[in-house]
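Novice: Respectively, the protein sequence lines represent chains A and B. Going by my numbering, the first sequence opens with residue 1, and the numbers climb by one from there. Going by my numbering, the second sequence opens with residue 1, and the numbers climb by one from there.
It is worth saying that the hints were derived from the structure and are not from the lab. Since the structure is predicted, the reported quantities are computational estimates derived from the model, not experimental observations. Glycine included, every Cβ here is placed at the ideal spot set by N, Cα and C. One should not assume that every hint holds.
[To be verified] In silico SDA-like cross-links for lysine to any residue, where the CA-CA straight-line distance does not exceed 20 Å:
#1 B:Lys144 - A:Lys296
#2 A:Lys296 - B:Val70
#3 B:Lys144 - A:Ala386
#4 A:Lys296 - B:Ala65
#5 A:Lys289 - B:Tyr295
#6 A:Lys296 - B:Tyr295
#7 A:Lys177 - B:Gly298
#8 A:Lys296 - B:Gly298
#9 A:Lys296 - B:Ile118
#10 A:Lys296 - B:Leu67
#11 B:Lys144 - A:Asp302
#12 A:Lys177 - B:Thr74
[To be verified] Simulated restraints on C-beta separations:
#13 B:Ile9 - A:Leu196: 21 to 27 Å
#14 B:Gln210 - A:Gly299: 48 to 54 Å
#15 A:Gly299 - B:Leu133: 28 to 34 Å
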Amino acid sequence: MKLKFAAVALGALLAAGPVLAELVFPDLSYRTGPYAANGIPFSDGYQDYFTLVNERDGGIGGVKARVLECETGYNTEKGVECYEATKGEGALIYQPLSTGITYQVIPKASADGIPVHSMGYGRTSAKNGRVFEWVFNYPANYWDGASIAVNHLLDQNAGDLSGKTIALVYHNSAYGKEPIRTLEELAKKHGFTLSLLPVDHPGQEQKSQWLQIRQQRPDYVLMWGWGVMNQVAIQEAANIRFPMENFIGIWWSGSENDVRPVGARANGYKALNMHAVGADFPVFADMQKYVMDAGKAAGAGDQMGTVLYNRGMYAAMLAVEAAKTAQQIHGTPDITAAMMRDGMETLVIDAAKMGSLGLAGFGPEFAVSCENHGGNGFGTVTQWDAAAGIWTQITDYVQSDQQVIGMLVAEDSAAYAAENGITGRCD
Amino acid sequence: MPDQVLFAIEVTLNGLMAGVLYALVALGFVLIFKASGIFNYAQGVMALFAALTLVGIMDGQVPFAHLINVVFGTNVHHFGWTVPALLAIALTMVVMVGFAWAVNRLVLRHLVNQVPIILFMATIGLAYFLEGLGDMMWGADIKKLDVGLPQGINGWIDSTTFDAFGYGFFIDNLDIVATLIAAILVTGLVLFSQYTKQGRALRAVADDHQAALSVGISLSFIWVLVWSIAGFVALVAGIMWGAKSGVQFSLSLIALKALPVLMLGGFTSIPGAIVGGLIIGMGEKLFEFLVGAPYLGGATEIWFAYVLALVFLVFRPQGLFGEKIIERV
Numbered sequence: 001m002k003l004k005f006a007a008v009a010l011g012a013l014l015a016a017g018p019v020l021a022e023l024v025f026p027d028l029s030y031r032t033g034p035y036a037a038n039g040i041p042f043s044d045g046y047q048d049y050f051t052l053v054n055e056r057d058g059g060i061g062g063v064k065a066r067v068l069e070c071e072t073g074y075n076t077e078k079g080v081e082c083y084e085a086t087k088g089e090g091a092l093i094y095q096p097l098s099t100g101i102t103y104q105v106i107p108k109a110s111a112d113g114i115p116v117h118s119m120g121y122g123r124t125s126a127k128n129g130r131v132f133e134w135v136f137n138y139p140a141n142y143w144d145g146a147s148i149a150v151n152h153l154l155d156q157n158a159g160d161l162s163g164k165t166i167a168l169v170y171h172n173s174a175y176g177k178e179p180i181r182t183l184e185e186l187a188k189k190h191g192f193t194l195s196l197l198p199v200d201h202p203g204q205e206q207k208s209q210w211l212q213i214r215q216q217r218p219d220y221v222l223m224w225g226w227g228v229m230n231q232v233a234i235q236e237a238a239n240i241r242f243p244m245e246n247f248i249g250i251w252w253s254g255s256e257n258d259v260r261p262v263g264a265r266a267n268g269y270k271a272l273n274m275h276a277v278g279a280d281f282p283v284f285a286d287m288q289k290y291v292m293d294a295g296k297a298a299g300a301g302d303q304m305g306t307v308l309y310n311r312g313m314y315a316a317m318l319a320v321e322a323a324k325t326a327q328q329i330h331g332t333p334d335i336t337a338a339m340m341r342d343g344m345e346t347l348v349i350d351a352a353k354m355g356s357l358g359l360a361g362f363g364p365e366f367a368v369s370c371e372n373h374g375g376n377g378f379g380t381v382t383q384w385d386a387a388a389g390i391w392t393q394i395t396d397y398v399q400s401d402q403q404v405i406g407m408l409v410a411e412d413s414a415a416y417a418a419e420n421g422i423t424g425r426c427d
Numbered sequence: 001m002p003d004q005v006l007f008a009i010e011v012t013l014n015g016l017m018a019g020v021l022y023a024l025v026a027l028g029f030v031l032i033f034k035a036s037g038i039f040n041y042a043q044g045v046m047a048l049f050a051a052l053t054l055v056g057i058m059d060g061q062v063p064f065a066h067l068i069n070v071v072f073g074t075n076v077h078h079f080g081w082t083v084p085a086l087l088a089i090a091l092t093m094v095v096m097v098g099f100a101w102a103v104n105r106l107v108l109r110h111l112v113n114q115v116p117i118i119l120f121m122a123t124i125g126l127a128y129f130l131e132g133l134g135d136m137m138w139g140a141d142i143k144k145l146d147v148g149l150p151q152g153i154n155g156w157i158d159s160t161t162f163d164a165f166g167y168g169f170f171i172d173n174l175d176i177v178a179t180l181i182a183a184i185l186v187t188g189l190v191l192f193s194q195y196t197k198q199g200r201a202l203r204a205v206a207d208d209h210q211a212a213l214s215v216g217i218s219l220s221f222i223w224v225l226v227w228s229i230a231g232f233v234a235l236v237a238g239i240m241w242g243a244k245s246g247v248q249f250s251l252s253l254i255a256l257k258a259l260p261v262l263m264l265g266g267f268t269s270i271p272g273a274i275v276g277g278l279i280i281g282m283g284e285k286l287f288e289f290l291v292g293a294p295y296l297g298g299a300t301e302i303w304f305a306y307v308l309a310l311v312f313l314v315f316r317p318q319g320l321f322g323e324k325i326i327e328r329v
């Protein structure tokens, strides 16, 4: 009997085969709920890029990537549950895709030694690597976004905004309030008047705000919105005949979802972005061949080239490149979360690397360092062409006002360091 | 006239128009509560589901396409045709009547004589089920709804008021249409309940369903009827709100705008829903204009609507037009 049991056990062991190493990338996605329309393309792009790397390249440094998808419904509590449920699987990096979840995950991930990458969202002052060892927000953050928008308006006004009025229509939440301090500083510097118009969640009714805009007649309107607030704001702007080319949204207010419901009247609306739009890059041919045609797409396979799909893919690409860097630094393909952090902190994205990935010009060049976890603050302005149904990049990657942003980052991160007894690093 | 006075008049008019849109949502709640004593938590999701179904039918979308493709390995998404708006609205109503029948058959008839909180809980379950069903049937992407309703500033009002006051008032064409539709809807509902056999039966059930049963009125029929009418009202609300923002899952949150209207107008009065909507709409917009934006930093509308409703509740708990609840021991 004992011999029989031993034989069965040995057989089971042999059948199981050797345990293969994997690089684990959690995907805190939201495919359900009010924000699903935005969560789905991002998650599809994120997962499809890892599938592409596995299928085309055999993984990262020969080790397959495994994506652990966890549904957050864009709910902070569920996001934290997802973090707790997946961190034990060997998670290398978290990209929470929610400012609320990011704020909750930062102290946990810092204690657990897992890096967080909040690309274009989350806590802006995490750019300061001296204080935020485990948090990264390259290539650009909200404050960069505010400054890039103002720089664009300076370009349009021969470098002079004095006497102009800029209204900020913002989601009345921590996210929506992020650019206010930056815009106040920039208003002082450039002499424009800033008018603030908060919109309560979810933002389905904005008649008051747009009547105020109609009565005050600002020269430009900036928007920090999300979800239904974006579509309603663009609709209301069209209703009052506000010139769309003078209306600029942050990158979370600039997807196809935000403009399509408004139809032709959304033509000319502008939005910032931190990466390119469209599918005119060699990487998409590989994506079609190895992922879509092979039936391995994460979703319906119909999102390739959309703004949020591209953003998810870009986020995954940056994670893959950081993992490769970590493998080179530590001389092993089986990296840990701590090694991944080292890879992120020494990540260099230059034109040569982007070109080799089939992504030439897809994103700005930047280099991460111990002191600078946020990149160089480059972004671009895109404009919606309603007739063609596409976003068009209308500027190069332009840099934010590093003097103003640097001062604000230093101020905010110093306050965080003092509150949390952080002495600083990198010296 | 001074600018501030003109602006205040414009804000008041827009507030009244917004109130009509709130009232459209509130009407669905009132109909079901009046006939069955159920506070239908699913009313907002019904508006979402109706709008999703309407757009899906109009666009010739294959329902449950993702599920079909996964199970059968196919790649179907569209039938390849589009359906005219009026026919699509009629077909959507067929779906909403089917939904009303299913709710009665599968849920309500098993819960007859249960306390109101149980029925309320059942509608919470119904709301989440319907949201999931809508997602599976039609997908989660944001859909443009175009049934031919005019949108944007009304040029005639703009130019006329400009000629008269030197300032052109902004009134959205969609809001004007919504006002007309709400007027037709309320008139239709009043005529239906006053002058048709089914309407009288509905009122009898609302007054005393035990007594109505004793004279041979079918409770099941009345519930299917009233949920169907609520489904129609939800469809109208879904069209109006969906035209503003596209049809998307946050459409279900419009129920939040109806709650203060119900608190103020009462849960059992159709005119109450309209008057409540007008007071809430005008009150919140005027408060934002006169106090919120200049002194409180703005974004006061949501909480002020509830404060306004609370004030009314304190003095008239049954709402402005609600029936006074008297329980004799």
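Novice: For a quick check of understanding: which of the numbered hints are violated here, in increasing order?
Specialist: Structure breaks hints 1, 5, 6, 8, 9, 12 and 15.
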